[in-house]
Each structure stands twice: as C-alpha cells, then as structure tokens.
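Number of protein chains: 4
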Amino acid sequence: MISQGYDHVLASSGQQKIEWVRRSMPILASIEARLTSSTTIKGRRVGICLVLEPKTANLVLALRNAGSDVSVWAPADCVQTDVVHALRAEGIQVFADEQATDAQDMELARAFLETRPHILVDDGARIIRLAHREFPELVKNMMGAAEETTSGVRPLRAMFNAGELRIPVINVNDSRLKYLFDNVYGTGQSCVMAMLDVTNLQLAGRHVLVIGYGWVGSGVARHASALGAKVIVAELDPVKCLQALHDGHKVCSIMEAASSTEVVFASTGIEGALSAAHLEAMNDQVVLCTAGGGNYELPMAFLRGLGRSKAVRNHVVEYTLPSGKRVLLIADGHCVNCSAGEGNPIEVMDLSLSLQACAIEELALNGSNMAAGIHPISDTIENAIATTRLAASGASSEPMTPQLTQAMTQW
Amino acid sequence: MISQGYDHVLASSGQQKIEWVRRSMPILASIEARLTSSTTIKGRRVGICLVLEPKTANLVLALRNAGSDVSVWAPADCVQTDVVHALRAEGIQVFADEQATDAQDMELARAFLETRPHILVDDGARIIRLAHREFPELVKNMMGAAEETTSGVRPLRAMFNAGELRIPVINVNDSRLKYLFDNVYGTGQSCVMAMLDVTNLQLAGRHVLVIGYGWVGSGVARHASALGAKVIVAELDPVKCLQALHDGHKVCSIMEAASSTEVVFASTGIEGALSAAHLEAMNDQVVLCTAGGGNYELPMAFLRGLGRSKAVRNHVVEYTLPSGKRVLLIADGHCVNCSAGEGNPIEVMDLSLSLQACAIEELALNGSNMAAGIHPISDTIENAIATTRLAASGASSEPMTPQLTQAMTQW
Amino acid sequence: MISQGYDHVLASSGQQKIEWVRRSMPILASIEARLTSSTTIKGRRVGICLVLEPKTANLVLALRNAGSDVSVWAPADCVQTDVVHALRAEGIQVFADEQATDAQDMELARAFLETRPHILVDDGARIIRLAHREFPELVKNMMGAAEETTSGVRPLRAMFNAGELRIPVINVNDSRLKYLFDNVYGTGQSCVMAMLDVTNLQLAGRHVLVIGYGWVGSGVARHASALGAKVIVAELDPVKCLQALHDGHKVCSIMEAASSTEVVFASTGIEGALSAAHLEAMNDQVVLCTAGGGNYELPMAFLRGLGRSKAVRNHVVEYTLPSGKRVLLIADGHCVNCSAGEGNPIEVMDLSLSLQACAIEELALNGSNMAAGIHPISDTIENAIATTRLAASGASSEPMTPQLTQAMTQW
Amino acid sequence: MISQGYDHVLASSGQQKIEWVRRSMPILASIEARLTSSTTIKGRRVGICLVLEPKTANLVLALRNAGSDVSVWAPADCVQTDVVHALRAEGIQVFADEQATDAQDMELARAFLETRPHILVDDGARIIRLAHREFPELVKNMMGAAEETTSGVRPLRAMFNAGELRIPVINVNDSRLKYLFDNVYGTGQSCVMAMLDVTNLQLAGRHVLVIGYGWVGSGVARHASALGAKVIVAELDPVKCLQALHDGHKVCSIMEAASSTEVVFASTGIEGALSAAHLEAMNDQVVLCTAGGGNYELPMAFLRGLGRSKAVRNHVVEYTLPSGKRVLLIADGHCVNCSAGEGNPIEVMDLSLSLQACAIEELALNGSNMAAGIHPISDTIENAIATTRLAASGASSEPMTPQLTQAMTQW
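Chains as they are written, first to last, in this note's numbering: chain A, 1 to 411; chain B, 1 to 411; chain C, 1 to 411; chain D, 1 to 411.
Honestly, I wouldn't trust all of these hints.
Under 8 Å between C-beta atoms, here's a sample of chain B residues computed to sit facing chain C [unchecked claim]:
| # | residue |
| --- | --- |
| 1 | W20 |
| 2 | L196 |
| 3 | Q285 |
| 4 | R313 |
| 5 | V317 |
| 6 | P345 |
Hints listed in this document are in silico derivations from the structure and should not be mistaken for laboratory results.
Glycine residues also receive a C-beta, built at the ideal position from the N, C-alpha and C atoms.
Kindly generate the complete structure, drawing on both the sequences and the hints.
Printed below as a string of structure tokens:
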C-alpha cells in the first residue's frame, strides 16, 4: 500500500498554488456550491485520473467539499509533487509518484482501482481500459465514466464498435466547450509557450512542422503562426489539409517537409505518427515535442536504442542519429505543456473541469439508467457553463425573443 | 412565357466572364469530364436556383455538356444580366430578370417549375418550399434536391420535423467542404471587401457589429478584424459567444453595442434579427449590410415606411430616422457580396459548386431510393474533392499507412 | 488651349462622389475652416498634381473656398472623368484627360504650368522635374512645392545632391502621418483589395510575391497574409529582408521565388525592378500588378513587343510569352488601387490631403524664406492633425503632466 | 573587494546554459572569429553592464577570446547566479550579486568602474551617468561607450543637450537591427510570455492595458492581441496613438481605461508613468508588470507604504489598497521577461549583442577620434549583420544590379 503521508513544506507550496488557481475558476466554484447544497454526489466514490496539477486539485477539493469520496491517480509525467502533498494533507488518497517507472505507474493504477470508484474521470481512457481488462467486477458496478481527450475517445469508440464497452462514458472531449477552448486556445497556446520557455528560442522566421490538424494541431499552428513561424502541416484527412491551406499554412507530407523543418509538434494522438525514417530526413538540431498526446506518437524505442544521448538543458535531451544529425527532444516526448510547463491556462481548465464536474453530477443522477456507450454532454449543461463564463468576463449573449424563436422554427 | 432571346453584345460580355472563371475551377472540370463520359445525368431535367453569376453559369454549362437538360431561376437581386444572355445564347432556359419585382420573381419561379425538374439545386430553400406548397405533383415525381445555405437548411429541418418534407434533400451546406470554406473564407472575405468597395471607407479604427457568429459571421469578424476593425459580436448561442470572446472580439447584445457601432453586418439568416428599435439606438450614419442571408433580417418595412430616403452613392441609400439620425443601407439590404460585388471568390465556388455537381450525380444515381429527409454529403465525395483541390494548389495530405490504420482502429 | 467646358450629367455624378467623401474627411474640413477665416492662401495660385479622384477634388474645393486660385493636372491613368467635370462645373481649371496618350499628358502638364502656380503639390515629382527642365523662370518665382510619395522623394534627393533643386519642397511622404497610414494601411489594403476585386480570386492558399518591402510593400504583405496568402518578399535591403522574415514571410530573390509565384505585387518605385527574365521564370497565368508606384517598374516594352495579347476581363490583359506561358497584367501595370479601384480609403486620404493643405499653408506663410531643399513637415502640424483624427474616432492620447515632462527631460 | 571565487556546481550549471545559447548565436560567432584574428580589441579593458544571463555571458566570452580584458556589472534584479559563477570560473571579474540591495548594487558598480574600462557597454545609461558624476578622470580617458536601450538614450540626449556628455556613445538602441527586432519581437514576445508563464492565466477575452506605444509597447500589444487579448493603449504622442488605433487597439487615457483593465504592461521607460491614483481606479486583482523599462515607472513607494502585501505565488506579490482592491505585482515591478523569465529569445540577442560587439570594435578602432556625443551604428555594420542572419535562416536579399543602382540614383 502506498503511503498517504505528506510533507508540510511541500503541502504548503501546493496549497499556495491551489489557492492561486481558485481565484480564476468561478464556474467550478458555482458548481461546487450547487453540489454542496444537494446530496447528488454525497458518499459517492469518485476516481480522478487527470494531469495532477493545481487546477485538477481544485476539482478534487470541490468534489470532496460536496461530500464525495475522491481518490486520484496520475502517471509520473503528469504529477506535481507539491500538489500531491497538498491533497494528501486534505485527506485525499493520491496514487501518483513523479519518480515512478511505467510499471510502477501501472501498480499505482491498480491500487487506485482497488478504491472501487463508482465514477471515473479519465484522460486517454487508460484507466477505463485497464478496468475493463483487469477489473470486470468493478466495471459491472460502476455508474459510468467521463473522458477528457481525443486520444481517449478514439479507443473508446473502437471498444464500443467491438461490443466491448460495458459502461456509459460521457464524452467531455467532444463538447464544444471543451474542444473549441481547451484544445485550441488552451493546449495550442500553452504547448507553443512551453516549448519556447524551455528552449529560449523564437519562432519568428522558423519553419515549424505541425503533425495532425485536429483541434490541438490547429491551435498549435495558429499560435506558432501568430508568433511569426512559417507553419507546415502534415495531416491524413484531405479536408483538414484544405483547412490548413486556407489558414495560410503550407501543407504536405512529413517527408516533403523534413528538409526545411526546424521544430516539430506532434499533435495526432496516434501511436507511431512520426517514424525513425522521418527523423533521419530532418535537419540537424531539430526540436521535437508533442502537444496534446504523448510520446507514443514518437519513435521513442529508436531514440533510446541509439545509445547516444545527453541532457543539454533542463527538459532537453540531445539524441545523435547514426547520420550524426542531432534531435533535441523536449520533456522526454511527453505532452510539452504539462511536462515542461503548468499545463493549460487556468480559465480554460475552469471550463473543462466544470464540464467534468457536471458529467459526474449527471452520472450520479442518471448513470444507472444510461446505456453502455458514449454519451454527449447536454446542451443545457454547455449553455449554463458558457453563460457563467460570459458573465465572469463582462460579456453576454443576445437575448432570445418570442419573435426570434418563431422565426427560427417556422418554415 | 418569358422570352429566351438574347443580345449578342451582352452574351459576349457574359461569355468572357464565364471563360475567366473556368480558368480557376479545376475541380468542376474534372467532375464534368467524369459525368460527360457516363450516362448518369443524361436526359435528366436539372433546375438550378443559385446566385446567377459566372461561376454558377459554369456549373450550368458543365451539367449541360454532360447531357442534362438544365434550366435556371434566380431572384432579381442575384442576377447578372450579361450572364443570363450568355446562358441563353447556349440554349439554356433562364427564368430571371434583374429588374423583376418580388411578385415577378415568384411568377418566374412558377414558370421555372413548369419545366418539371427531376432534380433541384436550391439556395435558401425558396423553390423547394414553393414546390411543396404549390406543385405537389411535381414534388411526388422528383428525385430530390440539394440545398446550398444555412438559411435554407433551417426551414428544411422545420419541414422535416413537421413531417412535411416529401423529397430527399442533400445538405450541401453542412458539408465541411462547404461551410469551412464558402461561408468562412468565401462569404466572410467577399462581404467585407464588397462593403469597403462600395463605400471606399476603411475598417482600421472602426467599431463593426457582427450579428450572428455562425460560419459566415465568424468569417466576417475574422476578416474585419484582420483589416483593423474592433469587432463586436451579438449572438444568441452562449457557446458561440464564448468562441467570439476567445477570438478577441467584444461580445454583448445589439442594444449594448449600438452606441459605439459604425458598421453593421447582419449574418444570422433569421427574419427580423435587427429591429427598428436597434437602428434608433445606433450612431448617425451607421453603415448597414447583410452577409450571407438577405434583407429579411433587417427592418425593411420600417425603413421604407420612413418616407425619407435618397441614393447617395452607387449601392448606397441614406434613410433618415425620426430622430434625425441617418442609416446608410448597402445594396438594399441584400447579401452585399452578391448584390454589390462579384459574389464569392472563384476557387471557393469551385468547391461549393463541385459539391452541388456531386450531389446531383448522387441524386441521379440513388435519389429514387433515398428517404424523404435531409441527407449529408458522403465522406467519399468530400475527400475526393478536397484531394483534387489540394493537388491544384501543389499541396498533399500525409499518406495513410497500414500501421497508422491499425493504430487508429485498435484499443 | 484645352476646353474647360463640362457635361452636366457627368458633373452631377462627380459631385455626388465628392459629397460622399466629404462625410468622412473631418480633418480637412477643420483646416478649410481655418484657412477660410484667414488670408493665408487668398489669391495664391496653387497647382495640384495628384490622383484625380473625389478625395483630391475635396482638397481642391477646400483650397478654392479659402480663396486660392487652384488648377489641376493628372496623368490619364489617374483620372476619373466625372470628377474632372464636377471640378470644371465649379470653375476649376483641370488639365487632364482619361484618354490622353503619354505625349498628350505632357502637353497638358505644360499647359498646366502656364497657369504659373506659386505653389505645387506633386506626386512622383513629375511636374517639379518638368518645371526645372523646361520652366526655369517659373521655378525662380515659386514659393515651393510639396511631394506626396516615396517615388518622388527619391529623385528630389538626387536633384538636391546634384545641386539642381531650386525650390523648397516639403516632404509630405516622410511624415509619419503619411507613410504609417497612407502607405501601409491605405495603399496596402486598397491594392490587395483592388486586385481581388478585378480578378474575383482569393488569396487563401496562394503564393504572393511582394517586390520591395518599404511601407507600401509591407502593407501589401500584411494584408495579403491576413487574407490567407503565403507571402514571399524580394527586397534589396538586408535589414528590411530581416523584418519581412520576422513578420512571417519567406524571403528570397525574385528568381528563387519565381517558380512558386502565383501573384506579383511590385511595390518598389524603382524603374525596371521586374525584368523580362523574371517573367519568363514564373508560372503560367501569373497575375501581375503594381502597388504604389507605376508600370515603369515592369518590363512593359518587352510585354508590348510580344505581339500576343488580348483583353480577357475588365482591367486584365493576357500576354503570351515566347515560352507559351501567360502573364495576366492588371490595369496596364498602373498602380492597381487607383487605376482599377477607388484609390485609398477616404479616412486615410483625409490624413494625407490634410498634410498637403498644411504644407501649402506653410509654404504660403514661409516659403519665401525657406532654403531650396527638402523640408520635413513639423511635429506641430503632425500632432494637430493626429489629435483631430483621434477625436473623430472617439479616441484620445494620454494627457501630458508636468511630472512626465520633467521625467522625460532630466537625466 | 568582492570575492571572485566560484562554486563548481553552479559554474557547471551556468556553463551548460551558455553552451546552449552558443548553438543559436551564429552572428556573434562570426564576429568573434574576426576579432580573434585581429588585434583590434587585444588588451583593451571592456566593461559590460547588461542583463547578466547566458546570452550576455556568450558576448563576454567572445570578447575575452578575442584578447580583451572584460569585467561585468549588473544590478541584482538582472543577475543569474549560476552564470556569474560560470564567468568567474573562466577568470572574468563579475561585480554582481542576486541578493544585493540597491545601495550594494551601487557599491558593486563603483568597484566595477575601478577596473578602469576603456570601453563601456551600458543598459539604461546607469553606469555612464555614474561615471560622469563620480569618475571624471576615468571618463576623460575612455574611448567611448555603447548604449542598449531607449530608457538609456533619453537621459544621454538630455546630457548632450546640456553639454554634459564627455564621451562618444554609440547608440545601439536606435539601430533598426535593434529596435525592430529586440524591442518588438524580442521584448514584446518574451514579456507577454513571461507574464503568462508566471500567472498561468490566458489573454483570450481579457482587457490588457499597454502604457506606451513605442517599439516595446507595440510589440507587447501585437503579441497580446495575437493571443486573443483586447488591447487598450495609453500613449502621450498622438501620432503613435493613431498608429495603435490602426493596429486595431482601443486608444484612451489610463484613467478612462482603468475600469476595464485586467492586466497592465508599463512600457514607457518614463519615471512615474503609472500613478497611485491610476491604481486606485483599476479593477480588483489587476495584474501589473513592466516590459522593457523598470519599476521606476510604477508607484512603488505607494505600494510599499501600504503595509498590506503578501507573496501569493512565485514572482507574484499581492498588495491591498486602502479601498480593499488588490494589485498583483509581478517580479517586483522589474522588467518581467528578465526578472521572471529567461529574457529575450536567443536569436534576437544574437542580433543585439552582435551590434554591441561591432560597436566595441568601432570604438576600439576610432573612438579616440569620435566627438563626444551620440553616434549611430553605421549602415555597413547593420547590413553585414543582417546578411549573416538571413543566411543562417536560409533566406537572402534581392541582388543589386548596375541597372537598379542607376535607377535609384538618377532623376
């Protein structure tokens, strides 16, 4: 059993961080107030498997304050140790260790699942898949889960199509309030900034290859371009390619782009999106990172097998290829904004984590009646959250009138 | 019966325009070649009800060249007379008159429907609705229709929900290849440019109110902002409001925006979106136009009833309100890019009209087996068109590999 | 002697245009009021040699209203005939003919100089140079001149360096209020828009070559890029090249750019900037125009000598090169915004023409005491004009305080 | 005497950082090679007073490698301790201490001047002014100095106008290669990023007040706007105000902006630009930082005198005003990119520090013959540096030809 003790100094540091983010998360505060004044999640066991940083901790505490029994898991590359201690100081069980190996992360995940959560919030569907593979009894009794990212929705759809998904999963990722904001503005901005922060380089005048032009990729491209980069997009879907072309980017295959590429953002969420052959074709000193997904998109086995690597700066390891060309890998290929930065901006996580809180509320209320499968967030939830956020920014929507309602429904 | 005679000088002018656009419509040329080498639309009666300008004429001629019997209708504010003559010189029946009143336009539409088209291509669902109201026998025998715009899809959905839609309609508007390009880049860019062209004003430093933040409105806002305007967005949907906020625009109600507004673009497609009270609250000399929809969005009856108007420039009429403040109405409130400009850019119409050509092909092949209702364009058609367009721009998508296919489908 | 008669219908059309622009020229109106209430320019003969369109006409009338005796010259490609008639209807002598040949334009210029202006406002220094070559007695008695453009300041500096400039010339072009607004936002925006308007093409996804990255070229590049173009810059000055690189553009020689270029804007003001060899290296159907300067930048003798040209659209002539490749020349190579559009936006010309009015005022007051040479516009004039313009836009500068004054002048 | 001993671990950390920046500073490397192969600066005592971080350290080592005797001073808020140790490990005398008080910084500066530099490189003209006040004999024997920033050029001009500047100063700041790149892209980008990095907030949807619209302010505004902020500009100069208006920003006084301001960047370089009254008028929790200048722009005495402050996050102190409203001060009001980030991007400092290296070379060659006063960097130096930088980016300028030279010099 993992110790849930904590260090006071670390806990204090984590608490300061959590207090800071609370200032800019008014939507979650309003949902916390609503849940606290009801019994909806009281006594429910909720398992949170998200990037473990102060914004997530704020969700965890909100759920705890509303009476649920929360436990937390996160893989090593997504853990801020002082936040772990701050949560433990609040009595939350946290199954996470910044120093864990991949195997240890899996052991922590199993220990976490032993807490027998009624409701899971997952990122990448890692724990949902683990539960289906190894904890069939737990799955049978769960009220459901919510999934945070594109990379997780894809395998969940594959599970559903194969008839193997046993619980209702609320697809938070495909809420407009998630992908239009978290993926484009949040991950897009913070990954570009984290890469610049780690390297102290500039983008103006550089060629940046963005692999994958989904919401994250288009956000990365938009922000890189806004900072003066010449963006090249490689994407499988020809319609998205055309969109990239209209957004002013060059569009071609990775191989065609390789000789002019100076910085790479992999934002596909697809295993093996970038191959060793791609790397060999690129320039010396290419800067390589992932945005949104993880290092499974990169040829990590190839790089690690080279036997020629050295740390050249905090978060930067230089690998020397057989050709003598060097690859500068950022944050070990993990998602750069979380592993080498503070993750998404606070306001954007207030949207995403509020969606998660509402998904938990929905599962607690109706999960037992929902079919196994993938369910959308309702328009009602989206509209309520968006309206709260607008008000917090001093903005508002145009008021609906009976005349407009009629004009929009008649023919 | 409307005369189908033509004037040689006008026809020659129209032909020159059509030849010009053919240079930049390679996708439609490739579809024309495919249809011509098959019998798919041979002998089919096709009715085209789109903005009648050279790009549409190129579609009409492509369908004719492939063996179909094409006739054309368009309302007065969407007609270029020399293009009418050029089509008639080619033997196409055209039911359109730049000088027609609204009532005469309806008579022309009825005459057009008397040609008994098997397949209709509509814009705003005006003719589909007319046919359902007045030509039930025709509707019974039609293979189907295709719809071009958001403003048309909305009433079609209302018809369908009311159980009153009798034919399959292919929803071209909601193809990503349509709304991501035609609406955002095409209509967005060309409406902003047409307004500037008509007025010779600049946007830098001005407050521009965009009503409606759908695809067209967001395109108008993007282009106005790129030209230096401070954009204010009024929108009913709070999620779209939030998107506008993140795109850097001010977001509030029309009434709150009124006192700082200098230019208005209505892009809602909703009748009565802008009221007389809104106009009264605005600045003296506000410039007023619509983008994407039509003057039904504006309080035209109020303006016309004022009895105080004068033409102050080509395409600009000044109305004086009871308060003494003046409204500068562009293009009589009709969609500004078509009525006071050349409509969308050629390349973007190559996409949209190629979708229409593929929709006609699909209806000719399968329309008889399709249920009454609203049907999407297939991914296969979208991908084929996008790939042709990419190649025409010297771009290409990332090639799919067996490994990637496997990575995307397993869990 | 050229007839100064006029046609009532044309004059009326021109008058309507002038009235329209007066609505948006508040700065010039305030200067007109000041000059009218003084005797500064009363009875002075002022010669205006600017693009002859409604905004210029408004300056001409303002000067006439303030008591000066104004005459006007403009070359054929810069003449709007109805504006000529409107000015003549007001009793202004206009030496301009939209149909004139180059030789006839020179004869008109000589007739114009026979009116013996005390003060000249020139564009490109054409008339100042003509006066120095052929009218030495006139030059001896002139109070001075003002010059509008970069293309004119360059030869004036050469004249001054050669000891051959005999009058004081106020360099309006190098006022920040001119080049930061007229050249960047005015000419930049209006040339890109005029090219799109003439061709009905779009820029999204296209490669646009901008030759010359001065104020006009950077404005063209900024607007083309904002509309989705991939901009390539060719520029002699390596520092400006670096600026273009940081603005996100590709930077290389014309020859290196040729094979990917689809649209060319020449914005150098330098004779022969684009050669026949450059054209031969470009793609079939390249679109060619100038922004800011004139067709002397292009290999016009080569194109005209080909013997293979045809008009393919209003303002577009197609030339076929020996290789078979075609060049689409816009507006006969003249500055595209003036020759195929309405010139700069009204607001921007309110700034530039107000500077001209102040330069005339300054020459009338002090010209006799100013040394032959090139003189800047004073900060006082610039600040007064800028402050008027800010107020007209509802904006204002931060008020100066004694503390700030002291902080800025002490060490 | 300050100890010049060093810690091996810290020195090693600093060395790694210096090695990293060397990878992206090819221009300085080429100048180092030229200086090393000559005797120009051999044996010269050079004093460097710039932000003490790895890029500056690379300049210091380059000068040392070329044979000069370099010493370094920097104020506490501009010191990276590991870089200090790395330089001392190389035998460089460094007069800087991250923990120093203001008074101790002055003592360090005096000790630094006791090294009797022939040539000074200064930032803010602090040391040039100190030398003029307290070290008149040193000043008498100096070859000259170079100044890095706008904030320093202003007092130098005041000194010159008062007849009190005794040495030639090369004005590096007003080189186009400096202000167009370092100030706009370097400081502009890195200050916006450092503020976001410190706070983990986002700019999309927020109102950002930029005080001062010089090169730094316009760069901050451009980058904030690119990240979705609504920018408000307060500026004394009406022409710059007009430029801000055309760039799409709102322009008004600080007081008018106060009630909507959420984030402030002071970028004036002027003492007292922001007053206590301004702060009282702003929103609760306004985020306050400086870009380019320093905390003398802010009402630090007022804030410190409040007696109500607490650290709420790394680099963030919250001050509570008498009204109860809170101010979140970043980096103690010091220039945010240097004090809470890594300063400018490496590439941009390669330009600026290469200019400094060339200024030192120029002073070593000709300083004794240069008049006391402010001297520009020569075009030859600028062009050489720009050309090297273009080549490093795979770009190039258009080649000059005899025909173009003739076209540009004749009239």
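Exercise for the section: Hint by hint, work out which the structure violates, then give me just those numbers in ascending order. Expected result: 5
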